[in-house]
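*Asks:* Here are the chains, one letter per residue:
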Amino acid sequence: MMENAIAWILIFPLFGSVACAILGMGNKKICYPIAVLSMAGSLWAGIEALRQVIASEEHTISYIFGGWTLDQYPRGVGIEFYADILGILITLVVLGVGLIVAIYSKLPVQEETPGKEPLFYTLFLLQITGLAGICLTGDAFNLYVLIEVAALTGYGLIAMGSNRAAAATFNYVMLGTIGASLYLLGVGYIYIKTGTLNMIGIQQAIEANGLADSATMQVAFVLVGIGILIKMAFFPFHAWLPNAYCNAPTTTSCLLAPLVTKVMIYVMIRMVLSVFGVEFSFESTMWVDVMPWLVVVAILCAAIMALAQREIKRMLAYLIVAEVGYMVGGIWIYNYYGFIGSIFHVISDACMTLCLFLGAGLILRKAKTTKFDGLRGLFGKMPLTMTGFFIGGFSIIGLPPTCGFFSKWYLITGGMVSQRWEYMVVLMFSTMVMVVLFFRLIERIHLAVTESGENLGHGHGDLGLNAEQTRFDEGPLSMLIPLLVSATIVIVVGIYNQDVVSLIEIFLSDYNLPRGTGH
Amino acid sequence: MFEDGSIINELFIERLNYLIYVVLLLIGLHAMIAKNNLIKKLIGMSIFQTAIILFYVSVGVKEGATIPIYLPEHDPHGSHASHSDGNETEQSNHGPVVLDAELVKGYSNPLPHVLMLTAIVVGVATLGLALALCLRIYQGYGTIEEDEILAKIEGQEMGTKPSVVVKSVDSSKPATSQSAKPASKPKGSSSPSPKRSKASPRTKAKATSPTTKAKTSGAKPVSPKRKAAASKSTTTGSKKSPAKPKTAASKSTTKAKPKPRAKPKAKPTARAKATSTAKKATASKPKPKTPKK
Amino acid sequence: MSAPEVTVIEDIRPLIALVAPLIGLIGIVWAGEKRRNLRETFTFLAAIVQASAVLSMVPLLLGGGIIEFHIWQIFTNVPLLLRVDGFGLLFACVASLLWIATTVYAIGYMRGLHEHAQTRFYSFFAISLSATMGVAFSANLLTIYFFYEMLSVSTFPLVTHMQDKEARTGGRTYLGYLLFTSLCLLLPALSWCYVWLDGGTVTMDFLADTGKVGEFSQTTQIILLALFTFGFAKAGLMPLHSWLPGAMVAPTPVSALLHAVAVVKVGVFCVIRVYSDIFGTEVLRELDGEDWLIGIACATILISSLIALSQDNLKRRLAFSTIGQLGYVVLGATLATDMGIGGSVLHIAMHACGKITLFFCAGAIFVASGKKYVSQLRGLGRRMPITMGAFMIGSLSVIGLPPLGGFVSKWYIALGALDRDAIWVVGVLLVSSLLNVFYLLPVAVTAFFRTDETEENPGIQEAPMACVVPLALTALGCFVLFFLSDPLLRLVKIIE
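Chains as they are written, first to last, in the working numbering: chain V, 1 to 519; chain Y, 1 to 293; chain B, 1 to 496.
It is possible that some hints are incorrect.
To be verified - One-sided excerpt, in silico: chain Y residues whose CB lies under 8 Å from chain V: (1) H30; (2) M32; (3) A34; (4) L38; (5) M45; (6) F48; (7) F55; (8) Y107; (9) A119; (10) G140; (11) I153.
As the list claims (entries may be wrong) - Straight-line C-alpha distance at most 27 Å; calculated DSS-like pairs for lysine-lysine: (12) K371(V) <-> K165(B); (13) K28(V) <-> K371(V); (14) K106(V) <-> K105(Y); (15) K62(Y) <-> K193(V); (16) K193(V) <-> K116(V).
To be verified - Per the computed footprint, the stretches of chain V lying under chain Y, defined by three or more beta-carbons under 8 Å from a beta-carbon of chain Y, are: (17) 163 to 177; (18) 187 to 193.
What the hints contain is simulated information worked out from the structure, not anything from laboratory work.
Quick reminder that beta carbons are idealized off the backbone N, C-alpha and C, glycines included.
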C-alpha cells in the first residue's frame, strides 16, 4: 500500500464519492463522515507520497496506471502519474484545504442545501479527485480530462446555490468550456508535432527535434496558454469568477476559491517549465515581453474593481483575480525568485483565501449578511472569528509573519532581479489597495461611524447597537475550529516558509532559470 | 489555380478539414459569446466542441490508410494469419502483434480517435449539465434570454426599492394575465396594466405549474413603457426576420423587447406542453440560422 | 559605532523581554473587564519583568559584551536574530521603564475617565511594547522590519480607541502613512539590498554588513538612503509627519508612551540603525547627495516648531513639538559623525523622558478639569501645582537647559555638527531652541501667573494619585538623566 501512495491519493476521494452516492441514498447522515474520512485518508497518502518524493533520488515518482511501459522514445502512450516536488506540494495544498473544508461543511451543507447532502459530497469528493489529479498527472490529455472533471463538478457545486448561482454558473460553463477546449486544441497541435502526449515525452521531443522555432508549437503554446488563462480567471477572462463564487453555497466557495485558480497556476507553471521547457517558453516566444504588461493591467484592474465592492465575498473574489495576476506575473518575469514567489504564493494564497472564505461563511451565518453595512460590532460578538478572518486579511496585505509576506517578498525580489519595475510598482499599488480594503473593513466593524462620517453611538465605545447585537456569540465549533486552524496554518507556513522554499528550490534546481544577481 | 503549393490549393483541397474546423470553431465561439438566448449559446458550445473533434479526427487520418483494426494478413487470429500446424505455436501467437513501422503505415492513427471518445463524453456531460442549468434558470427567472435574466437579477438586488426594472418585470404579470393569450399578438395596443402590484410570486408559480398563464407571463416580461417603445418597431420587425432584431437586442437591454415577440409565436403551438418542450421549440428555430452565417 | 572586539554571549534574556508582554497579554485577556484589578496586576507584572530583564543586561553590555539570541531562520541566509548592543539596550531601557510609569498612569487615567474597553486597551498596549522590544533588539534589517510592522498594526486599535468619527480620521491617516511607507518604500529597499549585494548572500546584519551598501553606485545609494529615511515614516520626517498629530485622538497614555516614546522612537531608532550600521558613517560622509537630508531634518525642526506655536490644542502642540524633536534625532544621524549619532541616541532617551512628562501632564489636566486647550489653562497652576510644576520641568528639559537631560543630547548633536564644519546647523539648533521656549513655556506661564477672573480659587484639585505619581517621577527622571549621562554615553560607546 505504501508504494502506491500516489494512487491512494486519488482512490480515497474517488471511491468516497461513489460511497456517498450509494450509501447516501439510504442514510444522508453518513455522507459527512465519509467525506471527512476519505479526505483524511487522502491527505495521509499525500503526506506519505511527499515523504517518498523527498526520499527518492531524483525527487520524482512515476506511477504508471495499467502497467504500460513508457520506455521507448518518445515517451509514449499510457497514463502516467508523475509526482515531483511541485506537484506533490500543490496536491497537499488541495488535500489539506479539502479536509478543512470537509470538516467545516457539516452545518452549512445541512442548512443551505437540505436533503442534497449525498449529491453535495459526491461532487465535493470528485472535485478533489479532479484537482489532485491535475497536480499529479503526467499526461497532457489526461490533464484535460481532469480539468474537465474538476470543472464539471465545480459547476454542479456552485449551481446548488440560489437561482443567481445557476445563472452565474452558466457563464462559468461557457467560459470554462472555451478555456478547456482551447487547451485541448493546443494539445492536439502538440501531438501533431511530437507524436506523444506524455509531458516528459513532449519535452524530450521538443529538445531532440529542435521544435523551438516550429510555428505549430508556437500556435500550440498560445492555445494552451490562453486556455489556462481563461480557466484561472486571469483579468480579461475573469468574468465568470466573482458571480460564481459569491452566489455559490458557503462550502462551495470555501472549497473552490482557494483551489481552482491556484491549481490552474500550477498547470501554467507545469506547462511552461516541464512541458514546453524554459528555453521554448521564454527564449523563443515574445510572451516574456508581453505578459508582464498584461499582468500589470490585470492587477490594476482587479484591485480597482475590488475597491468598488461593498460586500465581503465579492471583494474577496476580485482579490483572487488580483492574486492570480501576482502569480502569473511571478512566472513571466522569468527568473528564479519569481518562480519561487509564484509557487510559494500558490501555497500561501490557498491558505489565506481559505481562511478568508471560511471567515466570510461564519460572518454570513451569524450576521446574516456580508454587506459591509451590517458588520458593525462583530469584534465584540465573535472575536475569534474576526481574529481568524483578519489574520487571513493581513496575509493578503503581506504583513509579517504571515505567509503572504514571504510570497510577496519573493515576488518583489523577482521583479527586482529582472528589473521589472512596472510589475513591482503595480504590486505595491495593489498591496496598498488591500490595506485600504481590509482596514476599511476593520473600521466598519470596529468603529461606530457610518460611511459618510456620522457618529452612530455616543462615543466611548457605544456602537449604537443594542446588547443583543453585541453579545458574545461565536459560530458553532465545527465551523470555528477549521477557521482557526487555517489561520494558524497561515502563520505557521509563514514562520516555517524556509522549509517550503527549500523544497521549491530543489524542484527549481532542475531548470535553468536566471538568477540575475550581482551588479 | 489549383496547382501544387498555392495557398488556395492547400486550404481548399489538401486541408479542407482544417479549414472547416476553423470555421466551425469561430461559428461556435461567436454563438457562445454573442447570442442572447442560453440555448443558442449551448448550441454554439456544441459546435465549438465538434470543431475540435473534427480537428482531432483529421489528425489521425492518412491517405489510403484503413481503420486501425488488424488487416486480415496481420491478424494473429484471422484465416490469413500465417498458420503453423502445431497447436502450441498457435497459442503463442495469440497475443497482440507489434507491427513494424512499414506495416503500420497502412492504418490510420487510432489514438486521436480514442482521445475524442473521451472528449465527446466530456462534451456530452457539459451539455447535459448546461441544459439542466438552463432548466433551473428558466424555473427561477421565467426566461432564458440573458439580458432579461440580468435585468431580473438587478431588480432583485435593488430589493424593495421599486426600480424601473422591477416594475417592468412585475407589471408583466398582471398585464398578461388580464389580456390573456390573445394579447400576445396585438401587443402594441394592449393598454398599460391597471395596477402595478409588486406582489409577484412569479418564480414559484412558474416553476411549479406549466400552465399557459405561467408560461406566457414568463415569456414576455413586457413593461407598458417598453411596449410603447416596441410598438413602433413591431410592424416592421417582428415577423419576417426575427434574427435581425435579436442580434440588435443583445446589445442593449432597453431594446431587448423584440425578442419576446419571437417567442410568443412559438408559444401558442407549444402552449400547454411542459416547459422543456417550449424551450426546444425556441431552440429548434435558430438552429438552421446559425450555419447560414 | 560597532567596536571590533566584542564578546558575543548567547542569552535568552532579550527573548524574555520580548515575550513577557505577550504572556502578560494572556493574563490580561483572561482576567478581563470583570476583574480589573487582576488585569492591571498582569500588565504591571509584565512591565516589571520586562524592565528587569532589560536592566539585568546593562552590566554585561558595560563590560563590553553583546548578547545574541537566534529565533529562527527567515530566509535561506537571513535569520530572525535578536542582538543586544548598547544602543538598542538604551532604547529598550527607556521604553520598558517608561512602560511601568505609563501603566500606573493609565490605571489612574482610564479609571478616572471611566473609559470603555480597557481590556482591549491593555492588551494592545502589551503587544506594542513587545514589538518595541523587538525593534530595539533586532540584529538585521528584516528582523527590524517584522517588528516595525507589528507595531504599526498593533497600535491601530489604540489610536482608534474612541471608535468615533475623529478616531476614524486619525486612524486612517495613521495607518495610511505608516503602511504606505513601510510597504511601498521600505520593502523595495530591503529587497534591493537583499538582491543586489553580493549575489543575494548578504544578511543585512547590523554588525557584519556595515558599509556593504558602498558597493552600489552613488545614485543607487542616494535612492536607497531616501527610501530608508522616508520608509521609516514613524520617524516623522517632514513630508510624512501628519500621522502623528492625527494619532493624538488616542487616549493620553497612548499618546504619552507610544507617540512620544515607543512608536516615534522606533522610527528614529530604525533610521539611526540604517545610517550607522547599514551605511556606516564613512560611506555616508562620502555620499555626495547626503547633505540634503540634513536640510530636510533642519527644515522639519524649524517648520514643526512654527506650527506648534499656532496650536491651541495642548496635545497637538506637543505632537508638533515631538516632530521637531525627532528632527533633532534624525539630524544627529544624518551628520554621520560619531558625536552626532551619539547625540541623537542620547536624545532618544532625553526627549522621551521630557515629552512623556508633558503628555502625562496634559492627560492629568484633562482628567482633573476636562481642559484640552492651552487657552483654558489660566490659573491652573494653583489648582494643580505638582502637575504644572512637572510640566515646567519637562518643558525646560525639552528646551534643553542644564541641569536637565535635554541639554546633554543637544550639546552632542551640536558637537557633531561642528565636527562636520556645519556651523549653520548649530544656528538652526539655537533658533529652534528659542522656538521651543516660545511654544512650551507660555503653557506653564499661563497656568501659574495668569488667573482666571471668572473662577473662584477652588483650592488644590489634582488628578488621581495614580496619575500624579508617574508624572512626578518622570519629571525627576529628567534631572537624573542629566547626571546619568556619563554611563549612558559609555553604554552607546561614545566615550570609553
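*Asks:* Hint by hint, say whether it matches the structure.
*Replies:* Hint-by-hint comparison with the structure:
1. Here the hint on H30(Y) is broken, as its CB sits about 12 Å from the closest CB of chain V, past 8 Å.
2. Residue-level restraint check for M32(Y) holds (minimum Cβ-Cβ distance to chain V is 5 Å; threshold 8 Å).
3. The beta carbon of A34(Y) comes no nearer than 12 Å to any beta carbon in chain V, farther than 8 Å, and the hint placing it at the interface is violated.
4. The restraint placing L38(Y) at the interface with chain V holds, with a minimum CB-CB distance near 6 Å, inside the 8 Å limit.
5. A distance limit of 8 Å between C-beta atoms decides the matter here; for M45(Y) the minimum to chain V is near 6 Å, and the interface restraint holds.
6. A cut of 8 Å between beta carbons decides the hint on F48(Y): the least distance to chain V is about 6 Å, and the hint holds.
7. For F55(Y), the shortest C-beta to C-beta distance to chain V is roughly 6 Å, which falls under 8 Å, so the interface hint holds.
8. Checking Y107(Y) against chain V: minimum C-beta separation of about 15 Å lies over 8 Å; hint violated.
9. Checking A119(Y) against chain V: minimum C-beta separation of about 6 Å stays under 8 Å; hint holds.
10. Because the smallest distance between the Cβ of G140(Y) and any Cβ of chain V comes to about 3 Å, under 8 Å, the interface hint for this residue holds.
11. Satisfaction of the interface hint for I153(Y) is found here, the shortest Cβ-Cβ separation to chain V being roughly 6 Å, below the 8 Å cut-off.
12. With a C-alpha separation of about 21 Å, the suggested pairing of K371(V) with K165(B) holds against the 27 Å cut-off.
13. With a C-alpha separation of about 33 Å, the suggested pair K28(V) and K371(V) falls outside the 27 Å cut-off, and the hint is violated.
14. The straight-line distance between the Cα atoms of K106(V) and K105(Y) is roughly 58 Å, outside the 27 Å bound, and the hint therefore fails.
15. Taking the CA atoms of K62(Y) and K193(V), the gap is near 15 Å; set against the 27 Å cutoff, the hint holds.
16. For the given pair, K193(V) sits about 47 Å from K116(V) by alpha-carbon distance, which is inconsistent with the 27 Å threshold.
17. Counting residues of the segment 163 to 177 of chain V whose C-beta sits closer than 8 Å to any C-beta of chain Y gives 9, which meets the bar of three, so the coverage hint holds.
18. Counting residues of the segment 187 to 193 of chain V whose beta carbon lies closer than 8 Å to any beta carbon of chain Y gives 3, which reaches the threshold of three, so the coverage claim holds.
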